[in-house]
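Participant: Protein chains in written order, with UniProt numbering: chain D, 1 to 629; chain Y, 1 to 193.
These are computed hints drawn from the structure, not numbers from a lab.
One thing to keep in mind: the hints can contain errors.
[Stated by the list, open to error] Think about it this way: if two alpha-carbon atoms lie no more than 20 Å apart in a straight line, the pair counts; the simulated SDA-like pairs of lysine to any residue are:
| # | chain 1 | residue 1 | chain 2 | residue 2 |
| --- | --- | --- | --- | --- |
| 1 | D | K323 | D | W380 |
| 2 | D | K217 | Y | I59 |
| 3 | Y | K21 | D | W572 |
| 4 | D | K611 | D | W572 |
| 5 | D | K323 | D | L379 |
| 6 | D | K217 | D | V622 |
| 7 | D | K28 | D | I51 |
| 8 | Y | K21 | Y | I150 |
| 9 | Y | K83 | Y | K159 |
| 10 | Y | K21 | D | K611 |
| 11 | Y | K20 | D | L139 |
| 12 | Y | K83 | Y | V68 |
| 13 | D | K40 | D | K217 |
| 14 | Y | K21 | D | A198 |
| 15 | D | K40 | D | L58 |
| 16 | D | K217 | D | P563 |
| 17 | Y | K20 | D | W380 |
| 18 | D | K217 | D | D616 |
| 19 | D | K40 | D | I59 |
| 20 | D | K217 | Y | M17 |
| 21 | Y | K20 | D | I212 |
| 22 | D | K323 | D | E603 |
| 23 | D | K611 | D | K40 |
| 24 | Y | K163 | Y | F177 |
| 25 | Y | K21 | Y | G106 |
| 26 | Y | K83 | Y | V98 |
| 27 | D | K535 | D | G454 |
| 28 | D | K323 | D | D575 |
| 29 | Y | K163 | Y | L152 |
| 30 | D | K608 | D | W572 |
| 31 | D | K40 | D | I212 |
| 32 | Y | K21 | D | L139 |
| 33 | Y | K21 | D | M136 |
| 34 | Y | K20 | Y | V98 |
| 35 | Y | K20 | D | V622 |
| 36 | Y | K20 | D | M136 |
[To be verified] Heads up, incomplete: computed chain Y residues facing chain D, CB under 10 Å, no partners named:
| # | residue |
| --- | --- |
| 37 | V32 |
| 38 | D84 |
| 39 | Y184 |
| 40 | L185 |
Here a beta-carbon is modelled for each residue, glycine too, at the ideal position from N, C-alpha and C.
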Amino acid sequence: MATASVASHSDAAHDHHDHEHHDNFITKYIFSTDHKMIGKQFLVTGIFWAIIGGLLSLIFRLQLGFPDMSLEWLRPILGGWITPDGALDPEFYLALVTMHGTIMVFFVLTAGLSGTFSNFLIPLQIGARDMASGFMNMLSYWFFFVSGVIMFISLFIETGPAGGGWVVYPPLSALEQAIPGSGLGMTLWLIAMTFFIASSLLGGINYITTVINLRTKGMSFSRLPLTIWAFFLTAVIGLLSFPVLFSAALLLVFDRSFGTSFYLSDIYIGGEALPNTGGSPVLYQHLFWFLGHPEVYIVLLPALGITSEVIATNARKPIFGYKAMIISMLGITILSFVVWAHHMFVSGMNPFLGSIFMFLTLIIAIPSAVKVFNYLTTLWRGNLIFTPGMLFSIGLVSFFISGGLTGIFLGNSAIDIQLHDTYFVVAHFHLVMGSASFFGLMAGVYHWFPKMFGRMMDARLGYIHFWATFIGVYLVFFPMHYIGIAGFPRRYYSWTGFEFTNMYTDLNLFVSVAAILTFAAQLIFLFNFFYSMYKGRVATLNPWRSNTLEWTTPLHPQHGNWPGEIPSVYRWPYDYSKPGAAEDYIPQTVPLSATPESNLPHEQELVKLEKEIIADEEAVLVANESTNS
Amino acid sequence: MEEKYAYIEGAEQPISMHPKKFALWLFIVTVVMIFASLTSAYIVRQAEGNWLEFELPDIFYYTTGIIVLSSITLHYAYYSATKDELSKVRLGMILTSVLGFAFLIGQWYSWIALIDRDVFFVGNPAGSFLYVFTGLHALHLVSGVIFLIIVLISSFRYKVHSKNLDTMEMCVTYWHFLGGLWIYLFMFLLLNH
Numbered sequence: 001m002a003t004a005s006v007a008s009h010s011d012a013a014h015d016h017h018d019h020e021h022h023d024n025f026i027t028k029y030i031f032s033t034d035h036k037m038i039g040k041q042f043l044v045t046g047i048f049w050a051i052i053g054g055l056l057s058l059i060f061r062l063q064l065g066f067p068d069m070s071l072e073w074l075r076p077i078l079g080g081w082i083t084p085d086g087a088l089d090p091e092f093y094l095a096l097v098t099m100h101g102t103i104m105v106f107f108v109l110t111a112g113l114s115g116t117f118s119n120f121l122i123p124l125q126i127g128a129r130d131m132a133s134g135f136m137n138m139l140s141y142w143f144f145f146v147s148g149v150i151m152f153i154s155l156f157i158e159t160g161p162a163g164g165g166w167v168v169y170p171p172l173s174a175l176e177q178a179i180p181g182s183g184l185g186m187t188l189w190l191i192a193m194t195f196f197i198a199s200s201l202l203g204g205i206n207y208i209t210t211v212i213n214l215r216t217k218g219m220s221f222s223r224l225p226l227t228i229w230a231f232f233l234t235a236v237i238g239l240l241s242f243p244v245l246f247s248a249a250l251l252l253v254f255d256r257s258f259g260t261s262f263y264l265s266d267i268y269i270g271g272e273a274l275p276n277t278g279g280s281p282v283l284y285q286h287l288f289w290f291l292g293h294p295e296v297y298i299v300l301l302p303a304l305g306i307t308s309e310v311i312a313t314n315a316r317k318p319i320f321g322y323k324a325m326i327i328s329m330l331g332i333t334i335l336s337f338v339v340w341a342h343h344m345f346v347s348g349m350n351p352f353l354g355s356i357f358m359f360l361t362l363i364i365a366i367p368s369a370v371k372v373f374n375y376l377t378t379l380w381r382g383n384l385i386f387t388p389g390m391l392f393s394i395g396l397v398s399f400f401i402s403g404g405l406t407g408i409f410l411g412n413s414a415i416d417i418q419l420h421d422t423y424f425v426v427a428h429f430h431l432v433m434g435s436a437s438f439f440g441l442m443a444g445v446y447h448w449f450p451k452m453f454g455r456m457m458d459a460r461l462g463y464i465h466f467w468a469t470f471i472g473v474y475l476v477f478f479p480m481h482y483i484g485i486a487g488f489p490r491r492y493y494s495w496t497g498f499e500f501t502n503m504y505t506d507l508n509l510f511v512s513v514a515a516i517l518t519f520a521a522q523l524i525f526l527f528n529f530f531y532s533m534y535k536g537r538v539a540t541l542n543p544w545r546s547n548t549l550e551w552t553t554p555l556h557p558q559h560g561n562w563p564g565e566i567p568s569v570y571r572w573p574y575d576y577s578k579p580g581a582a583e584d585y586i587p588q589t590v591p592l593s594a595t596p597e598s599n600l601p602h603e604q605e606l607v608k609l610e611k612e613i614i615a616d617e618e619a620v621l622v623a624n625e626s627t628n629s
Numbered sequence: 001m002e003e004k005y006a007y008i009e010g011a012e013q014p015i016s017m018h019p020k021k022f023a024l025w026l027f028i029v030t031v032v033m034i035f036a037s038l039t040s041a042y043i044v045r046q047a048e049g050n051w052l053e054f055e056l057p058d059i060f061y062y063t064t065g066i067i068v069l070s071s072i073t074l075h076y077a078y079y080s081a082t083k084d085e086l087s088k089v090r091l092g093m094i095l096t097s098v099l100g101f102a103f104l105i106g107q108w109y110s111w112i113a114l115i116d117r118d119v120f121f122v123g124n125p126a127g128s129f130l131y132v133f134t135g136l137h138a139l140h141l142v143s144g145v146i147f148l149i150i151v152l153i154s155s156f157r158y159k160v161h162s163k164n165l166d167t168m169e170m171c172v173t174y175w176h177f178l179g180g181l182w183i184y185l186f187m188f189l190l191l192n193h
């Protein structure tokens with residue numbers, strides 16, 4: 001009873017909205033509660049942070065690739081961080097890698113990817129007017145924005161931004177006197193992350209509530225597009241893991257600012273003993289990686305979901321193993337919470353515990369392999385249409401394989417003794433998590449750009465962008481495997497001083513040049529993105545001839561998405577190239593009774609029931625109309 | 001016929017719960033995760049040794065009693081609301097709010113009792129954890145008391161009755177959860193301190 005009255009109430013509110021409400025600039029573009037605008041806000045902010053994060057990486061790549069080069073020309077931007085003899089300040093190098101990691105993992109690939117597409121696609125693909133709470137959704141964006149502002153300010157303070165690595169392990173991060181980057185920069189990092197956690201939780205609560213409660217008629221869980229499944233499970237992971245990061249950060253704040261000893265024990269700095277006793281730095285690692293590992297899947301799952309959708313659409317084939325895809329995503333979700341200690345094999349943890357975590361880690365290879373197999377079998381003998389979105393999706397599958405394979409090495413606690421914290425790890429996660437998720441993000445932008453802005457992105461520029469980025473990513477990260485196998489540790493300012501690594505000058509130079517070119521290729525995308533937003537070819541209503549609900553909305557959907565009734569759903573989203581059908585796609589809104597030529601025997605049996613239900617509904621509708629008038 | 005039923009069920013508008021109530025439950029999940037991680041951290045840290053042993057303040061027994069009592073008075077208010085007996089709703093809400101305040105004051109005295117035992121926030125993590133548990137729980141309880149007062153005010157505006165129980169139900173859920181959370185923390189401390 002209560003639910004019914006609420007439903008009718010919210011419908012009335014929306015009608016009211018459609019007819020009478022006129023947005024001014026501030027409510028439409030800034031403090032918007034429309035999920036589509038919030039999604040775009042996340043996207044543009046994410047792009048901004050991707051540029052910053054990319055530029056930071058170029059600066060430290062210059063240091064690694066050209067250790068003798070004078071960086072005097074960067075003095076106008078970096079000021080005192082260039083030493084008098086024209087080299088990069090080593091302390092600032094640490095800050096650069098820390099901020100690059102933080103920005104890319106949290107701001108670009110969590111907020112920029114999940115924030116953009118969960119917001120934009122969930123209501124459109126499940127057939128809802130908006131998120132469960134538009135206000136909470138708006139708060140989610142603005143908490144993220146505040147978090148970004150604080151992090152941005154920390155780049156410019158005198159002692160520099162946080163410098164303890166993106167994992168901010170204590171005691172390094174807990175003691176202000178340890179390095180300059182553990183001072184004010186670290187405090188701002190913690191404040192920014194607190195806002196970010198709040199933003200993620202507000203967003204995640206909204207996504208889960210919306211997917212469970214606001215699906216349109218007929219949209220059962222077995223008819224959800226795989227994108228929605230991915231966003232849903234991502235939100236569940238975030239909901240369970242971000243609070244743990246909050247706990248870890250809270251105790252770190254107490255250690256830093258109040259003098260407690262949760263993570264600190266028996267420390268001497270400059271010959272002077274600190275009063276802290278009884279703390280355990282490994283405790284922080286446990287808490288951090290309980291978020292940190294699921295975070296990998298928070299970053300990756302949305303990209304995998306987008307890929308499922310884009311590949312099925314552009315292979316003109318039903319996704320292979322729809323249920324297997326869901327089950328493997330569920331498997332990854334559950335397993336992501338029981339593997340965190342594989343980041344801690346060399347932390348002095350009990351080796352027996354290490355072998356348990358190794359076993360659990362290697363199990364993740366199974367659902368991952370199922371997903372790869374299903375992508376490949378969906379592509380197999382499909383009528384492939386190589387749109388830019390499709391190319392980026394295939395690129396994702398490639399990185400997922402090549403980066404995933406090295407994960408099997410790293411998950412092994414014995415091999416990890418050699419490879420831990422070397423460039424092998426850097427190569428591994430940049431391929432499987434960084435590049436794969438980035439390609440998922442790009443695939444999503446190219447694929448849903450027509451729905452976001454009503455215009456098409458230029459395909460030719462998209463192809464150039466794809467090939468330059470795809471080749472560039474491999475050129476950057478493949479050589480890193482060799483440097484890592486040689487044992488060179490990550491986060492080191494200089495490697496020329498060591499006998500065993502100084503022969504890698506050429507390789508590092510090569511990587512740096514490739515990184516600069518790959519970054520330059522992103523400028524093509526930036527131009528394409530902003531140019532097409534205003535000057536692109538006007539899109540048709542369903543440019544990729546896709547089945548999902550978002551393509552049944554008008555070209556520029558208003559707040560509320562569908563001008564009239566929300567369409568009902570009668571079939572799963574992957575009826576591509578169904579034998580007997582006139583077209584090679586059948587949208588989810590087409591009833592089975594309208595397609596007798598292509599129905600499978602068990603579907604044909606459902607047609608009669610479907611007709612009865614539709615007739616019943618129409619009777620109810622007519623009755624309602626007559627009572628209303 | 002049964003088949004048709006199954007099919008309609010599948011096609012039915014799948015609204016299963018009030019979205020705001022559902023969101024509240026998800027919020028509760030995040031709070032559970034915070035305290036689950038903190039109490040796990042406590043166990044992990046305790047297992048490493050160098051652990052300060054001390055007696056828990058007796059006042060925790062009284063505050064536990066108070067919070068159980070407040071859940072009962074709140075349930076009385078809720079029950080009265082379903083029967084549209086507004087004056088009883090107000091009485092129940094006022095009692096619950098007062099008990100909520102009393103609990104917070106009690107927790108404050110527990111900190112004083114801890115200091116009397118020479119257990120400080122800054123020092124051995126055994127004590128620090130206790131302050132974090134009680135402090136973070138009290139912070140959530142403050143939000144709960146604010147929620148109680150909001151419902152109390154709306155009961156004076158005749159907005160709480162059997163046809164408009166959503167806000168009240170959410171308040172009840174949250175308050176019972178906070179009570180349960182405290183009982184969990186207290187049990188945990190009794191067993192593990």
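Participant: Of the hints given before, which are not true for this structure?
Facilitator: 2, 3, 7, 10, 12, 13, 15, 17, 19, 23, 24, 25, 26, 31, 34, 35, 38, 39, 40
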